[in-house]
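So the protein lines, in turn, are chains Y and U.
One point on numbering: in the working numbering, the residue at position 95 of the first sequence is 95, and numbering is uninterrupted.
Counting from 1 along the second sequence, just add 1000 to a position and that's the residue number in the working numbering.
Keep in mind that the hints are not guaranteed to be accurate.
[Unchecked claim] A partial selection of chain Y residues facing chain U, derived with a Cβ cut-off under 7 Å: (1) T15; (2) L22; (3) L55.
Derived from the structure by calculation, the hints contain no laboratory data.
Heads up, the beta-carbon is just placed ideally off N, CA and C, and yes, glycines get one too.
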Amino acid sequence: MSPGHYLALSAILFTIGAVGVLVRRNAIVVFMCVELMLNATNLAFVTFARQHGNLDGQIIAFFVMVVAAAEVVVGLAIIMTIFRTRRSSSVDDANLLKY
Amino acid sequence: MTAQVIAGQALAARVADAQPGEGFIFWALAIVSTLAALGMIFMRRAVHSALLLAVVMLSLAALYAVQGAPFLAFVQVIVYTGAVLMLFLFVLMLVGVSSTDSLVETIRGQRLWAAIGAVGFLALLGAGLGNAALGDSAGLKKANEEYGGNVEGLAALLFGKYVFAFEATSALLITAALGAMVLAHRERTTPKDTQRDLSVRRFKSGEHPGPLPGPGTYARHNAVDMPALLPDGTPSELSVNPVIAARTDTASRHADLYGESERDALAEDVAAVRAITGEVHDADAEQRSVKAGTPASGGAASGGASEGEAGQ
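Make the full structure from the sequences, and use the hints.
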């Protein structure tokens, strides 16, 4: 399997994640789609690490995972806080900053 | 046309450390992960999306392992599938499992434009990928063997070249943990209920305030559907599981214990308890009806009286 195949899969998964972020309205599902996009980029990083024959790409993928974990913790805490006050996890309902 | 040719060349590039059976693994996992990702954005229930995301993540972990990144494959399984996704499921359970998205579009044409944008974006990425001169893959064999293995090589990089980024990551993690604690914390607006408040509320509600009679009180049998006998000998339905009590009558259970009928069995028990508590054995024990109400009113009072007699 050439790197091109892995990169194509990575592009497809990234696009699906982006569509999910655009289309879905449950904040948790939107968040899961962001995770899917991060995973797709990780696949690209690992593929490029193999392409270049050094481990730097894997290190970057590792850092992406760490940042994603931190992001999930804070993001889900925010979603919980919004849900507690508004009894809803839809991104359409949280429009208080609009006006 | 030329772009297609170049894309074909990019896909046909040789890989130095091709794994045996990599083609089959790649195509199987690529199909599974793409279908799962598509299902993830089309499922209405958030829980189904989360489970399909787990499928995608596990497929990617296998692809990492195939591509010479065993450490990342395990981190993917442990951190992503194990921790992050479980956190997602936890929050989903808190928010409510049955929460579904409404299918009404709030922005007109949002889905259509999202689909058009996706196709355009994918075409852009594909064109970029096709035009890139990827060339032959170097393979990770040499890099992995430089320090004696993938994990050792990653450690050498992480604590050497990238040590500052690694330290910054620790600060990020601590900040995230503190932030989550601050965000999840809720100030109490009303004082916490004391034991006294709880007790007052229990008596005000008008229900039986004390604990229910235990099945061991003057118990003559250890079957769960046999009621405890109160000090005056009457059986208390309250000591039986309400499901069992609602399904049958006490007197119609355990016909096989003593005597001809279940009433004989109950009468025998009642007589035995009376004998222990010092009350005179009255032959009309079977006239006593089974006490299904609260023992607080009649049962406890008469029980106290019989105990008093026993004391004298």
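(message) Min Cβ distance, Y/T15 to chain U: is it shorter than 7 Å?
(response) Since chain U brings a Cβ to about 5 Å from Y/T15, closer than 7 Å, the hint holds.
(message) The hint names Y/L22 as touching chain U; please verify it with the least Cβ-Cβ distance against 7 Å.
(response) holds (4 Å)
(request) Go through the hint on Y/L55 and say holds or violated, using the shortest Cβ distance to chain U against 7 Å. (result) holds (5 Å)
Checked against the numbered hints above, the structure violates none of them.
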